[in-house]
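Given chain A, work out where chain B should sit, using these hints.
One line per chain: the protein sequences are A and B, in this order. Taking full-length UniProt numbering, the leading residue of the first sequence gets 1, the next gets one more, and so forth. Taking full-length UniProt numbering, the leading residue of the second sequence gets 1, the next gets one more, and so forth.
Accuracy of the hints is not assured; some may be wrong.
Because identical chains share one entry, a pair is satisfied inside a single copy or across any pair of copies.
Claimed, not checked - Think about it this way: if two alpha-carbon atoms lie no more than 25 Å apart in a straight line, the pair counts; the simulated SDA-like pairs of lysine to any residue are:
id : residue 1 : residue 2
1  : Lys227    : Asp31
2  : Lys150    : Met385
3  : Lys75     : Ser416
4  : Lys150    : Gln102
5  : Lys430    : Asp286
6  : Lys150    : Asp182
7  : Lys23     : Gly199
8  : Lys150    : Arg120
Everything labelled a hint here was simulated from the structure, so no lab data went into it.
Number of protein chains: 2
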Amino acid sequence: MPVFLATTDPAFEEGFVTLMNAKREDSPDVDATVAAIINDVRNRGDAAVIELTARFDRLDLTQDSLRFTPEEIAKAVAQVSAEDRAALELAAERIRAYHVRQMPDDAQWCDPEGATLGWRWSPVSAAGLYVPGGLASYPSSVLMNAIPAKVAGVARLAIVVPTPDGLVNPLVLAAAEIAGVDEIYRIGGAQAIAALAYGTETIAPVDKITGPGNAFVAAAKRRVFGKVGIDMIAGPSEILVIADSDNDPDWIALDLLSQAEHDESAQSLLITDDAGFGQAVAAAVDVRLETLERAAIAGASWRDFGAVITVRDMDEAADLSNRIAPEHLELCVADPEALAEKTIHAGAIFLGPWTPEAIGDYVGGPNHVLPTARSARFSSGLSVMDFLKRTTLARMTPDALRAIGPAAERLAQSESLEAHGLSVRARLDKLNR
Amino acid sequence: MPVFLATTDPAFEEGFVTLMNAKREDSPDVDATVAAIINDVRNRGDAAVIELTARFDRLDLTQDSLRFTPEEIAKAVAQVSAEDRAALELAAERIRAYHVRQMPDDAQWCDPEGATLGWRWSPVSAAGLYVPGGLASYPSSVLMNAIPAKVAGVARLAIVVPTPDGLVNPLVLAAAEIAGVDEIYRIGGAQAIAALAYGTETIAPVDKITGPGNAFVAAAKRRVFGKVGIDMIAGPSEILVIADSDNDPDWIALDLLSQAEHDESAQSLLITDDAGFGQAVAAAVDVRLETLERAAIAGASWRDFGAVITVRDMDEAADLSNRIAPEHLELCVADPEALAEKTIHAGAIFLGPWTPEAIGDYVGGPNHVLPTARSARFSSGLSVMDFLKRTTLARMTPDALRAIGPAAERLAQSESLEAHGLSVRARLDKLNR
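So here's chain A without its partners, still in its complex pose:
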């Protein structure tokens, strides 16, 4: 049974805080293990990666077989059905179209003092993408990570994907090919992150690493952060649906379950202004759970972390949504645009009853890599910006330096940084000579 709360209940605040603070993830402390693995790969390169892959993935590799050959990729991709390929291509095309619009502009202008100022965006030279193996090996995640990198102009994009016992998901390779990935290595875990960050004889180092992974991968990404850039460390997935009683309870139930089925630690929340509708959705969830393939996972998530919250009105819903700062926010209400104006902390918003969150997972266009665990308060989903960096530009003329140089000199003196001031003064003296 999920939690049922109502803002009219005097105990609401307590119940809501308990819900927000529920610890949904028990990350094992693997930091020492991961540190040792990273050191090993730094010291011994390919040899360490090969040994660790034999141990963890039960797969014997050589330097020559670390990387998928074009023939191996072509053979795997040939197994993909025409329908699956068409779906991947439609998704890729829409993701590309959305992310192309994110490309930021360079800028340059001349200010009243005569200084030329501006900035310039440029892509990272090389990026690495971690793709989990096994059950959570999602071709859609390959598209969502690789396409923004390629749109940003990353020249070299390498994928690492573990293939335990040699098992490969052909759809992952097809997605990589469609996205224009340049290199694919059959390695995973902390050893793959270390290889991407520090390089080995076979694998050139990258500048940025993105993509989801297990506790070992997350710990390794944290450790190599600084040596390379990383994306966020994602937690379990979440959805908040705000729905009025004009919705079909079964649709809303399915939307809640489509988060819950990801993971027992996922969280699905419903806020409604109609307690009866909330009950109807909960009943619909129970019905769907009777037949759902992943009922064990979805049921556990719904039971342990699900909630139905009844509010007085949609303004109250917006306030609660902002406290939750959900990764996914679905607004199934009469005027979703008006409500979206008020829900300011959210990774992605899905407006209206015809936009189930699953559309956003695959083919909507926006990225499905989104901030979890309330981090939408301060961070954004993956975008082309993650694969770009900005260089600021400034050029002074003698006149500009004459106008603003003395203030710089003054501030340098106030901070006791004499050489700073002298570097300006030497030039001003030349101008005044």
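Coordinates of chain B only, in the frame set by chain A:
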């Protein structure tokens, strides 16, 4: 003596790699201490902060005196000279004008399938800024951190600044006032970071923490990352000057020294296509070091980490610059714009002989918080973006769902996420009925 290298020397590559790999910073491992401090503040709030401040800053505070009162701020600010105030205001105005231009646009469009897509930027609700006490208490850093936050629209901006033995830098308070900071607390260290991240009885928690600090502050920021957003963890400062022989060696020497005087771990590099000019600059550095106030620090930095590299031509200079990925890059060459096109990895570029890097530290307009330690390969300086987050928006119509829904359903099936597929199918069935 700094290192002298020349690309024509067969041993150049070895020397260059040694220079790049020089370990400039010995961060003490304070992680366990910091973890204990953070836990203490989380558990005991103000009481812990007050105790720790008494211990580390020799300052007895109460809940009522944790925060500077408006009267205390006004009294301190009144001590600032008119000249210093005018310099701060000029700097603030220029920094504001530059950062206003960084504000990104929201977007919304309708795609050929009828889906409305877009994104929206919004500021974080509350930000905290760490300002070091003592020697490294720079009012310019207050402006560089606080103004982008306020331009982004952060409603609540709190500063923490330790005041060891009660000593306050009036210029820091003046800069905070000019920048529009809302709250100033006289606390520092890991306890201040913990208070900002988790809140206490007196200090409300923030969503994002920026600003430089010592090893304790850096370790605390790493630890609270995830609970709140943080900016980069900055390393020692660096400059690369690329200069031809048409420059005054003394100007270039001062530019190199204006990095070196920051810190014994700072690094100042010169690349030139004229070995004789390189020698002349090194000689000018030695002359300036005879009288420089901070000669001990600047001299140690120049001796231990400085370098003069002679290249065959400016294309070679650009290649080396890209391998260095400097925080600050000064281009004192005949055509700096052309060279800037080729130097793609740099935090900030200063073009031409009239743009000493010190201008950028204070009054240029661009931010002086920049990526160090080669991280300009994948990250950018502080900007309004650090105080904004993006929410993606998607709204499907029935027609749009009819067009792209089946592909989403197909991909959901291929990923064995049945509820995802069903949430789309239920709606498609209704449309087909």
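Status of the hints after comparison with the structure:
1. Lys227 to Asp31: both (17 Å within a copy, 19 Å between copies)
2. Lys150 to Met385: Both ways: Lys150 and Met385 sit 12 Å apart in one copy and 22 Å across, limit 25 Å.
3. Lys75 to Ser416: Answer is between; shortest inter-copy Cα gap is 23 Å, intra-copy 67 Å.
4. Lys150 to Gln102: This pair counts as both: shortest intra-copy Cα distance 13 Å, inter-copy 24 Å.
5. Lys430 to Asp286: between (82 Å within a copy, 21 Å between copies)
6. Lys150 to Asp182: within (10 Å within a copy, 42 Å between copies)
7. Lys23 to Gly199: between (36 Å within a copy, 19 Å between copies)
8. Lys150 to Arg120: both (18 Å within a copy, 23 Å between copies)
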